[in-house]
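Let the hints inform the model, and build the full structure from the sequences given.
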Amino acid sequence: MRNDKNQKRLKDLEKRRQNGIRLLKKGYTCYGVAKELGVSKQSVMRWRERYEKEGLEGVKWKGIS
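Under my numbering, the letters of the sequence shown match residues 138 to 202, in that order.
I should point out that these hints are in silico values taken from the structure, not numbers from a laboratory.
Since the structure is predicted, the reported quantities are computational estimates derived from the model, not experimental observations.
Heads up, none of these hints are tricks.
With a straight-line Cα cutoff of 35 Å, these simulated DSBU-like cross-link-like pairs (lysine-lysine) come out: (1) K148 <-> K162; (2) K152 <-> K190; (3) K163 <-> K178.
Right, dumping it as structure tokens:
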């Protein structure tokens, strides 16, 4: 049960990152995305860097290794 909650939370975080990328592609600044999603600008900058290097795979949740 607890693991299911963690999995859902991590998937929700993945969706937030994907939404952030969509907003960046629409022309939002990192600051604007951060404000819209309630995260730090640094987080958005990391998402953007990963997206630029790896595409959407870079912002997907990859599970616990």
